[in-house]
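For the protein sequence lines, the chains are E and F, in the order given. The numbering used here applies: residue 1 is where the first sequence begins, and numbers increase by one. The numbering used here applies: residue 1 is where the second sequence begins, and numbers increase by one.
Don't take every hint at face value.
Claimed, not checked - Derived contacts from chain E toward chain F, CB cut-off under 10 Å, selection only:
#1 A2
#2 E57
#3 H96
If you are wondering where the hints come from, they were derived from the structure by calculation, not from laboratory data. In this text, a Cβ means the ideal position worked out from N, Cα and C, and glycines have one as well.
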Amino acid sequence: MASKVVSFTLNGRETEVMVKPLTTLQVVLREQLGHTATKTGCRQGGCGSCTVLLNGEPVLSCLLPAEDVAGQQVTTLEGLTPIDGLHPVQRAFFDHYAVQCGYCSPGMILTTKALLDRNPTPSREEIVEAISGNICRCTGYTAIIEAVEAAAQALKGGQNGR
Amino acid sequence: MIVKDYFLPESLDEAVTLLAERGPDLLVMAGGTIAMMRMNEGHLLPDQVMGLRRVGLDAITINGKLSIGATTTLSTLANNESVPMLSQAARSAASWSLRNMATVGGNLFARNPYGDVATALLALNADLRVINRNGERVLPLADFFAANRQLEPGELLADILVPPPTGQTVYHKFGRRAYNTPAVVTIAAHITRDGDSVTAASIALNGVAATPVRAIPAEKMLVGQPLNGETITAAAQAAAETVDPPSDAVASGWYRQRMVRVILERVLTQIMEQEQ
């Protein structure tokens, strides 16, 4: 059961970790690197709370062996958050009461970021489709959808996120 | 998770060599959306796992037939418009993040009712190219399902080969929600007509058995006939009568059987009304 060293870029920073065979990226982020914005929900790929961006694309860190991301770019909510204040997507979620218990928020916000990077003016239908893998048990989704619409507006207004 | 070895081969050669050396105890995994889930739950506790993300089977090429590498993600297939029924099937599967991980080859091994892309491939008469250390063989996807998805020891699924559709295709996934929803019933139909008359019919159903299945009695009833209200109703009825779908958390078998008739009627009507 030999551990291996895995190097990847985490939120723009070169990162090296030692992992046992088949350790998931989720466990590495939370338990080895202390990046606890990435949540542990169902561990079955069903809830979306562990969503991270791999080379800008949303993936589920609970199903992803850490060794598979060697040499690649991983973004978590920690990487989106500026040193001072909030990313425009975070700001929109805050302003539109899209956060209740907050458990789905990191995954929702990262999925929103990936959506708006590809499609700066999504329709309501496209938003619903994009976040359909992120389960929220509090809000009933309306507040979240409105927050995504507001984030799109804010980003279009030149308040570009990182 | 107590896995002793996790291999990430960098080529197909390396992968089949590992498989030959390690034998059936080596769990083969592509996107991880089936295997990792079961390992996280403790339902599957392998000693050795081989991941296929780096073997280079993740491309779609066209050379007469469409050749889809086994580890092509559903997102890649969704964005490839060369066979519209396949991109539609991939697009309506699971969620964005899962489609970024789940693979076309893996979908052939997904348990019922998750094999939606496999259902579209079955309707298109796809073949599988499987390889082992000594060579390769091509087998029809229908035979793979008939053999309960068993490959020979040491064999690895390399590509899925799809002949270009000769007729009209319609794909209809019926779930309980609009997005990210498992199938109550999925129907993929490929119908070739000459004038009024159906010359070839291939109808694949998902959600009704352990694997996607062809609706052979319905297909036979349609060949040689025109598509009209009467023949469509009769074929849909025949398809429903020949399945005995399972009940699960998504839908009851009773409901699924009735939906086979309703959805197949809609699919065939859509084909009838389309330009040929």
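Evaluated hints:
Taking 10 Å as the C-beta cut-off, the interface hint given for E:A2 holds, the closest approach to chain F being about 8 Å. Against a cut-off of 10 Å between C-beta atoms, the interface hint on E:E57 holds, since the closest Cβ of chain F lies about 5 Å away. Violation of the interface hint for E:H96 is found here, the shortest Cβ-Cβ separation to chain F being roughly 21 Å, above the 10 Å cut-off.
Comparing the model with each earlier hint shows a violation of hint 3 alone; every other hint is respected.
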